[in-house]
Amino acid sequence: MKKILVMLMALAMVLGCTAIAVAEDAPLIYYIGKDANSSFWQTVQSGAEQAAADYGFELKILNPQSESEINAQIDMVATAVNAGADAIALAPLDTKALISACVEAMAADVKVTMVDSVIASEDYDVAYKTDNYAAGAATAKSLAEKLGGKGKVFVLTAVAGSESCNLRDQGFIAEMTENWPEIEVINAEEQVNCNNDVNQAMTIVTDIIAANPDLVGIFGDNNFACKGAAIAVKESGAAVTVAGFDSDSDLVAMLEEGSMFSLTVQRPYMMGYMGVEGAYKLATGEEIEHGVVDTGFVLVTQENMKDEEIAALL
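In terms of the working numbering, the sequence shown has 354 at position 274, counting the first letter as 1, and numbering is strictly consecutive.
Source of the hints: derived by calculation from the structure; they are not laboratory data.
No incorrect hints appear here.
Restricting the straight-line Cα-Cα distance to at most 30 Å, the calculated cross-link-like pairs of lysine-lysine (DSS-like) are:
#: 1; residue 1: Lys-361; residue 2: Lys-176
#: 2; residue 1: Lys-314; residue 2: Lys-232
#: 3; residue 1: Lys-386; residue 2: Lys-314
#: 4; residue 1: Lys-221; residue 2: Lys-386
#: 5; residue 1: Lys-314; residue 2: Lys-226
#: 6; residue 1: Lys-140; residue 2: Lys-361
#: 7; residue 1: Lys-314; residue 2: Lys-221
#: 8; residue 1: Lys-140; residue 2: Lys-176
#: 9; residue 1: Lys-221; residue 2: Lys-232
#: 10; residue 1: Lys-386; residue 2: Lys-226
#: 11; residue 1: Lys-314; residue 2: Lys-230
FRET-style restraints, in silico, Cβ to Cβ:
#: 12; residue 1: Gln-145; residue 2: Ala-291; range: 31 to 41 Å
#: 13; residue 1: Thr-364; residue 2: Gly-228; range: 51 to 61 Å
#: 14; residue 1: Ala-200; residue 2: Leu-379; range: 24 to 34 Å
#: 15; residue 1: Ala-200; residue 2: Glu-367; range: 23 to 33 Å
Please read these numbers as outputs of a predicted model, since none were measured by experiment.
Think of the CB as a built atom: it goes at the ideal place given N, C-alpha and C, for glycine as much as any other residue.
Please construct the entire structure, taking both the sequences and the accompanying hints into account.
In structure tokens:
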């Protein structure tokens, strides 16, 4: 027992010295997400944390409480810069509002990677995100085929100003408009958003169904929007097919029972991992070409949801 105790103490000393060495040499890197409470963003953060563990540094994490707290996120970027961050992995809440914060970060020689979305300028180093336009178009094609290429559909946006959601909507509407002439997107020219609120989404969709008894399809461009839409359709008893984006336990259950027709699923863990990995590499002197790296998506239905890889994503 004494011999084992001595060995354990020696090992602890080695590990302790290693931790100190890493702490002294590692760059200061921040991850700033979009929402502390969303299961999607918790998965993104898990990927970010794993990257930090794999590369051996402590990751500083900051999150707004919801995706509406844009000013709070701007302040978080400033906090990271003032703390002397070497790099920031940022999931910007708004395409325009976060530009000035990123400009100031890069002016302070802080490397900036984008996660999930990008700002409406070139003031970042590299972005890791879903090709949301292509994902929206793929969702539209699948829904159009399900509907037999005919009827009225409605697009429910999660939140105004979200680059990722806007691109999904644009891809969806473009696919329907260009390739499915007998399908009408009733709000193609007017964005309707639910402010990431399931109850608000339910109210909007209930009203839309009442005003459009011949509606046959709905696209909700994130988990809040499509969840509210699916609940409203189920409660109304309307024969409306709902296609959604993202996933959580509720949506998976809805897909399994048939309340949802499809879920277009991103790879959030990979986005978080690659965003922080890129931040670390840039902070330690590695050059990465400016641009956008597509992290991929999968269109999930009842037919493929039990496949091993897809089940893991869900």
